[in-house]
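Visitor: Based on the provided sequences and hints, a complete structural model is requested.
Residue numbers for the sequence shown follow UniProt numbering, beginning at 1 and rising by one.
Just so you know, the hints here were simulated from the structure itself, not pulled from any lab data.
Glycine included, each C-beta is placed from N, C-alpha and C at the ideal position.
FRET-style restraints, in silico, Cβ to Cβ: (1) N210 - N6: 24 to 30 Å; (2) L197 - D49: 34 to 40 Å; (3) E38 - S133: 41 to 47 Å; (4) S137 - Q23: 36 to 42 Å; (5) S196 - R174: 26 to 32 Å; (6) S202 - R31: 26 to 32 Å; (7) R98 - K173: 15 to 21 Å; (8) D49 - E192: 32 to 38 Å; (9) V20 - D109: 38 to 44 Å; (10) P207 - K43: 38 to 44 Å; (11) E2 - N36: 36 to 42 Å; (12) N6 - L139: 20 to 26 Å; (13) E152 - S196: 20 to 26 Å.
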Amino acid sequence: EERLRNLQQRLGVPFDGSRVDHQDALKLLWRLAYPNRELPPLKSELWKDMGWQGPDPSTDFRYAKDLALTGFLGPFSLSDIYASSCCFMLFEGESFQRLLHKQDGNRADWEYPFAVAGINISFMLTQMLDLQSGKPSSLAGIRFLKLLGEDEMAFDDLYCVAFQMMDAQWLVKRASYMEFNDVLKSTRTQLERELSLEDVSSVKDLPAYNLLRR
Numbered sequence: 001e002e003r004l005r006n007l008q009q010r011l012g013v014p015f016d017g018s019r020v021d022h023q024d025a026l027k028l029l030w031r032l033a034y035p036n037r038e039l040p041p042l043k044s045e046l047w048k049d050m051g052w053q054g055p056d057p058s059t060d061f062r063y064a065k066d067l068a069l070t071g072f073l074g075p076f077s078l079s080d081i082y083a084s085s086c087c088f089m090l091f092e093g094e095s096f097q098r099l100l101h102k103q104d105g106n107r108a109d110w111e112y113p114f115a116v117a118g119i120n121i122s123f124m125l126t127q128m129l130d131l132q133s134g135k136p137s138s139l140a141g142i143r144f145l146k147l148l149g150e151d152e153m154a155f156d157d158l159y160c161v162a163f164q165m166m167d168a169q170w171l172v173k174r175a176s177y178m179e180f181n182d183v184l185k186s187t188r189t190q191l192e193r194e195l196s197l198e199d200v201s202s203v204k205d206l207p208a209y210n211l212l213r214r
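Guide: Okay, structure coming up:
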């Protein structure tokens with residue numbers, strides 16, 4: 001229960017562009033994604049390279065009710081925004097770079113924006129796992145509680161799997177930008193199916209976890 005409370009608390013901190021620690025988290029994200037590029041100002045057209053819809057990433061956060069940078073940074077961040085996917089940078093850096101630079105498969109002419117996709121995936125997981133209620137009651141949420149009980153990083157790992165799964169669905173469907181929501185729904189359906197498997201005792205047992213190990 002303590003792990004669930006900690007996760008829910010983490011998912012209750014909205015991004016605040018006026019806070020220095022939140023600004024630092026955003027800057028850290030850039031440095032991790034582009035280690036060889038100069039850090040741009042907090043408002044710059046260069047942020048669009050990462051998949052933000054405008055020159056000010058904080059405006060993108062206003063359209064999502066989940067936790068801003070959740071899904072990108074790790075617990076090594078000093079801000080109130082924790083990692084939902086520190087595994088990408090600490091353990092699965094190659095997967096992170098493949099997704100960021102769209103290196104897998106034949107890509108669409110109009111691709112999904114990486115950063116905004118991450119916000120949507122975080123929000124999708126929050127809904128699917130029923131994390132906004134006191135105690136999850138959905139089947140996926142109940143199964144997730146067991147995974148969280150075994151591993152406090154379960155949400156972070158599941159985020160990694162969900163993002164890679166979404167990208168795989170995107171390629172299979174040969175989707176374009178306007179079909180992103182349909183791809184996200186398919187991703188949720190597949191995740192729910194895999195979470196219901198009897199032999200799954202950790203996120204690493206999910207069939208889709210192998211996508212991170214290609």
